[in-house]
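Chains as they are written, first to last, in the numbering used here: chain A, 138 to 251; chain B, 18 to 133.
Do not take every clue at face value.
Unchecked claim - No farther apart than 27 Å at their CA atoms in a straight line, the calculated lysine-lysine pairs in the DSS-like style are these:
no. : chain 1 : residue 1 : chain 2 : residue 2
1   : A       : K175      : A       : K205
2   : B       : K58       : A       : K175
3   : B       : K35       : A       : K173
4   : B       : K39       : A       : K206
5   : B       : K39       : A       : K164
6   : A       : K188      : B       : K39
7   : A       : K205      : A       : K164
8   : B       : K57       : A       : K201
9   : A       : K201      : A       : K154
10  : B       : K58       : B       : K39
Note that these hints are calculated values from the structure, not bench results.
Just so it is clear, the structure is predicted and the values come from calculations on it, not from any experiment.
Here's the letter readout for the chains.
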Amino acid sequence: SQELEQSPQSLIVQEGKNLTINCTSSKTLYGLYWYKQKYGEGLIFLMMLQKGGEEKSHEKITAKLDEKKQQSSLHITASQPSHAGIYLCGAALRVNQGAQKLVFGQGTRLTINP
Amino acid sequence: ETGVTQTPRHLVMGMTNKKSLKCEQHLGHNAMYWYKQSAKKPLELMFVYSLEERVENNSVPSRFSPECPNSSHLFLHLHTLQPEDSALYLCASSQEGQASGANVLTFGAGSRLTVL
Numbered sequence: 138s139q140e141l142e143q144s145p146q147s148l149i150v151q152e153g154k155n156l157t158i159n160c161t162s163s164k165t166l167y168g169l170y171w172y173k174q175k176y177g178e179g180l181i182f183l184m185m186l187q188k189g190g191e192e193k194s195h196e197k198i199t200a201k202l203d204e205k206k207q208q209s210s211l212h213i214t215a216s217q218p219s220h221a222g223i224y225l226c227g228a229a230l231r232v233n234q235g236a237q238k239l240v241f242g243q244g245t246r247l248t249i250n251p
Numbered sequence: 018e019t020g021v022t023q024t025p026r027h028l029v030m031g032m033t034n035k036k037s038l039k040c041e042q043h044l045g046h047n048a049m050y051w052y053k054q055s056a057k058k059p060l061e062l063m064f065v066y067s068l069e070e071r072v073e074n075n076s077v078p079s080r081f082s083p084e085c086p087n088s089s090h091l092f093l094h095l096h097t098l099q100p101e102d103s104a105l106y107l108c109a110s111s112q113e114g115q116a117s118g119a120n121v122l123t124f125g126a127g128s129r130l131t132v133l
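Just chain B, same shape as in the assembly:
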């Protein structure tokens, strides 16, 4: 248990479905992230939220819609996805503004998404 909880752990959806991934952190961090991990590709950063404001949107298609209602919760809303969107979606959190400049991310266990 890392302090970052993702639900569901596994999700199968059709291309016309609407679903959401949820992430909750219990570490008191002020930044949260969504990463996508596909087979044989490096981890891809999708979104960054710092102090509940989105500060990075890495050219992600609009069928992925993030929401950060407070510093402890992060959602990824999914709509009309494509089979190539099947991947492991990882949420992470960190404490920004450390005097050392360090930014250690704590990751959740991931949500394995399959789009049929």
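This is chain A alone, in the form it adopts within the complex:
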């Protein structure tokens, strides 16, 4: 079965600093999704990567999928308190009747200190 390992599990950074979160898969990724979750709430979609070497950016967040499609990184530049939360990576798997499902890593808890 597909397994996703995120590192680090938690991260505390000073406001304004850059940071990187990694997501490593046990199998080739056919779709890698990044979500953000505020404590006790639902997940908000950030970005999706499908092609090896692909890179996408949204505001100060950049996500990359490596050429072998088994690892992705999420990079935040000049972090702000609004970036605090739990970041989760998800991998797409196909189930019966053509439907897909996402399996997720355990999440990285990000704290931004002012």
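Using the hints, position chain B against chain A.
Frame of chain A; chain B shown alone:
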């Protein structure tokens, strides 16, 4: 507001109670999902409904019973739960069959369940 609404947001129940969680999506999606999120564990997929048919049942105990009466509504019926079932239950929806192959899930805010 994501377009996926879950009620109730918080639920406390005894082990002998019967209760239901409700999820409604206003996005016109054709697939709906239940996930369980426990402390220090990855999100666990419980059930997938595609075009109102259950296509995935991830070895979930029978005390959890899903129902999808139409493509906009999803229920999770709860009966004789155990304290270890206390968790955040998240509902999500998506549009299957995209030409790009993408399957972006839109999540609700979750229902926090406590079983005493």
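**Study point:** Broken hints, by number
**Key:** 1, 3, 4, 5, 6
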